[in-house]
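Peer 1: Below, each chain spelled out in residue letters.
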Amino acid sequence: MTIIEITELFKTYNDSEIQVHAVNGVDLNIEEGEFTAIVGPSGSGKTTLLNMLGGLDQPTSGSIRIDDTDLGKLKSSQLIDFRMKNIGFVFQSYNLIPVLTAKENVEFVMHLQGRPKKEREARTMQLLEAVGLKGRENSRPSKLSGGQQQRVAVARALASKPKFVLADEPTANLDSKSTENLLNIMEELNKQEKITFIFSTHDQRVVNKAHRVITLEDGKIISDNRKK
Amino acid sequence: MITSVAWRNIWRNPLRSGIIITAITIGMFAGVFSATFMKGWMNQRLEAGIETETSHIQIHNPEYRKNYDIRQFIPKGFELAEQIATNPAINGVSPRVTIQSMIASAETGTGVKIMGIIPEKEKQVTSLSEYVTEGDYFESISRNPIVIGKKLSEKLKIRSKSKVVITLQDTDGNLTGGAFRVCGIFDTANSMYEETNVFVRYQDLARLGMLPEGVAHEIIVHLHDQDDLLPTTLALREQQSDLEVLNWKELTPELGYLNEIGNLYTYIFVIIILLSLGFGIVNTMLMVVMERVKEIGMLMAIGMGKLRVFLMLMFETILLTLTGGTIGIMLGLGASLALQQNGINLSNWAQGLEDFGYSAIVYPVVEVEMVVVIFILVILTGILASLYPARKALKYNPADAIRTE
Amino acid sequence: MRTNLKIAWRNLWRNKRRTLITVASIFFGVLLSAYMTSMQEGSYEKMVDMVVKYYSGAMQVHHENYWESKSINDTFEESQDLNQLILANEEVDFVIPRLESFALASSEELTKGVMVVGTVPEPENRLTSLKNNVRQGSYLSDNDQGLLIGEGLADYLRLGINDTLVMISQGYHGISAAGKYPIRGIIKHASPELNKMIVYMELSNCQEFFSADNRLTSLVVNIKDNDLLQKSLRKLRDELNSPYTIMSWQEMSPEMVQQIESDRAGGIIMKAVLYIVIGFGILGTIMMMIAERRREFGVMIAIGMQRYKLATILFYETLFIGMIGALSGLLVSIPLLSFQSQNPIPLTGQAALVMEDYGFEPYMFFSTEPSVFWHQAVTVFLITLVIALYPIFSANRMKLINALHA
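Chains A, B and C, in that order, give the protein sequences.
By this note's numbering, the letter at position 142 of the first sequence is numbered 142, and the numbering carries on one by one without gaps.
Position in the second sequence (from 1) plus 1000 gives the number in this note's numbering.
Position in the third sequence (from 1) plus 2000 gives the number in this note's numbering.
Everything labelled a hint here was simulated from the structure, so no lab data went into it.
Heads up, a few of these hints could be off.
[Unchecked claim] Heads up, simulated DMTMM-like pairs for lysine to aspartate or glutamate below, C-alpha to C-alpha not over 25 Å straight-line:
(1) B:K1113 to C:E2356
(2) A:K163 to C:E2064
(3) B:K1157 to C:E2356
(4) B:K1249 to C:E2296
(5) B:K1113 to C:E2108
(6) C:K2070 to B:E1134
(7) C:K2180 to B:D1172
(8) C:K2016 to B:E1134
(9) C:K2196 to B:E1134
(10) B:K1151 to C:E2251
Make a model of the complete structure from these sequences and hints.
Peer 2: Shown next as structure tokens:
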């Protein structure tokens, strides 16, 4: 089932006389349960594409439909609401709120959604265990290693059962062991929870793990390979 | 060059620097303006007090001021006045007979100090004659003229040409009195003075009080130049060793005192403002230092000694503080100078102030010494505020600093 | 809301030093302002006391022309009806009938102008505690033929207890007033000025002297609680008709009211400058706190926190800083000033002389009226509210993408 439908997407910056087409005509469909990597060199437009996918930026023209909702038609506060209910984020760094413990961080979005305490706690502990951090739930981010912090981020991203998770270079700051660990966990969760994962990455290890690889160059898709 | 680097560093974060500079500006503007305001106010009171009321030096019989007894006069008062007038530093001498007694109109009566004067001589020692607003100063009425204050005329409900009765005890101890006609009413903006001081002609009062010829209760001396006050006082004291010689500072100590106190209050106010600003400056510089951990580490690594790093940061702090301080002081001076022409009108509160001798319009006075002191205080604040953050910077290990991510 | 409060509180302590320095600046400001206000209000209270207690009383009833003329001719007849009317009001405590005027007083050799106050000894004492001020001799009894005179006056005229004082003046309707009276007691009046010229007589004795039979210049009205003054004044004004009129102490001594108001105004300006300067310091801190966390804010909004919630957290942070500062300032200033008010600072030297010249005891007095303190709290609260506008504004206007890549 298609959950994301991107049609004729353009994003153009007018930067003092020079026009930059960051995203230069992209058509793309993403199905439920995918584990997809979007790759491309710096300046290929993948960050811009991902920003628009996450409702963090507006296209110059074209549309992004997520499950029949056209993101372009949503107002700013509606977008925030939409993200809260439907999208999970894992950033390269600074994912977590430093003053909250791991547990509180994971609970955060569910809290915003107004879910009852019992439900929040149950889901939180389940996910923390799934990412292998049972026992560290009361630690603040400063007390966790880079890899552990990213795992908490993944747990949080999944906590509210979003339609899909956007991961922007999640492994960029990690050593190889942590990277492997994180990727395995994410693949596991993708299978178990059937939640779509979309990566934007430079990292070959992520590409290797991905089930579908979309390559961008100069704002256009130049290849789209399904592996499994 | 160092200045230029420090200056550019301040503006690396224009918003943050802007805020603290604005705070300092406001604080110093307030400080300087209140200083000039206070000074102007005090000065006026002083001027008014001296020029219209006490004059510079007064000479009395040593027993006189204990009880204001009519019999404690200076025996050859008139002669003495002539003698003293020859002193070149002195520009006017006025002998008076002065009695504390009672004045009454048809309406009511009250106690006053009655001064019997020679009008031409009195004009040389006080400027009171210039403040006569109704009638004149001993010109029109020939028989028993009297000049009274505006507040008194309101109290007694009389006007120019009205009749009043003076009752007093003469040198024989008899109660006597005389009718006087108001020839002039003065308005000096010191209601208290207006209510309790009246002037008549020397000869009229001497006659009434049965005083011997040529005596005086008070000899009032006015100088060309205020600076001669102390030397002239001392000289007169020596010459007239059997008489009491006092200058205005000794006669009305509260005037001199208020003057000095005014200055002190201003400095305290400025210091308090600077202390409060100090907190903000310290916080700002702490942030600056923390942001530049890598840079400072690098400087130390390439060979800038700890002392130089310390001085550099101290200099930046001083420069930051001085920028705000200078603008604030300039604005304060500007405002003071602008208002010097027309003064600041306090007439809403005029009534209460006039009662104590303060005028309702204040002309700010700029004193160089004050501005210099405030400048120095600003610099001191910069120096003190820099100590803590600069010390923190020195604790950085260059190697750690460079590695910070 | 609890979560927002929790996050806000924890955020404060991320940079302990910075928060503490900011809090310290507020603490300093509150302490200083409270101290200064307390000193000012303390001296005003004393000044008002002087006027009300030792002289005019809370209100006075006069003949409608009396205040302008201060003439003995503008007196009114004492009447029980009037007294009943006034005493019927529940706020009124008691009244004192008085006849005051000017006279010349002489001993054998010397004469001085004096103020004569004819009054009823017992109620007079209730208001002014005159009896306590008797230094030699004794207080006036009912129907006493004797006088109480001020120490300064006694010294000048060189008179002592049982000596005779001769007085002459102008009485009611121009009748000459003359009389000889023994000195019953010598008092030390609170005001050094009055001390040199005041004479107290028993009322009927005084009325006889001035040929003003049964007449009064004023009826002093005392109330149970000074806070009820305005209310009482209004009621009595309605009830009293011509030729009577009633005035409050403020109307009788407007210069004093103005002096106090202008001094208060000066103080307010100084405190305003102080708080503004401190306010900027707080603003600077808040700005730094926000600038540092741009990235974090971006993440929060990205994952679905509405901007207004972020603004709320920042608002709470600002408020917390203000509250901690104000509370700590008050916690120290309240006991400190309570102590000070019990132990006023004695003034020496020139300062003391000036105070005494104007009729005040040479001490620095402190007030512990609640307003001294809660004014500071309210000011800090208002300042932090205004400052909090910045983070709210910032949260709403922040560009999401820029923040995420900060």
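Peer 1: Identify every previously stated hint that the structure contradicts and give their numbers, smallest first.
Peer 2: 2, 3, 4, 8, 9
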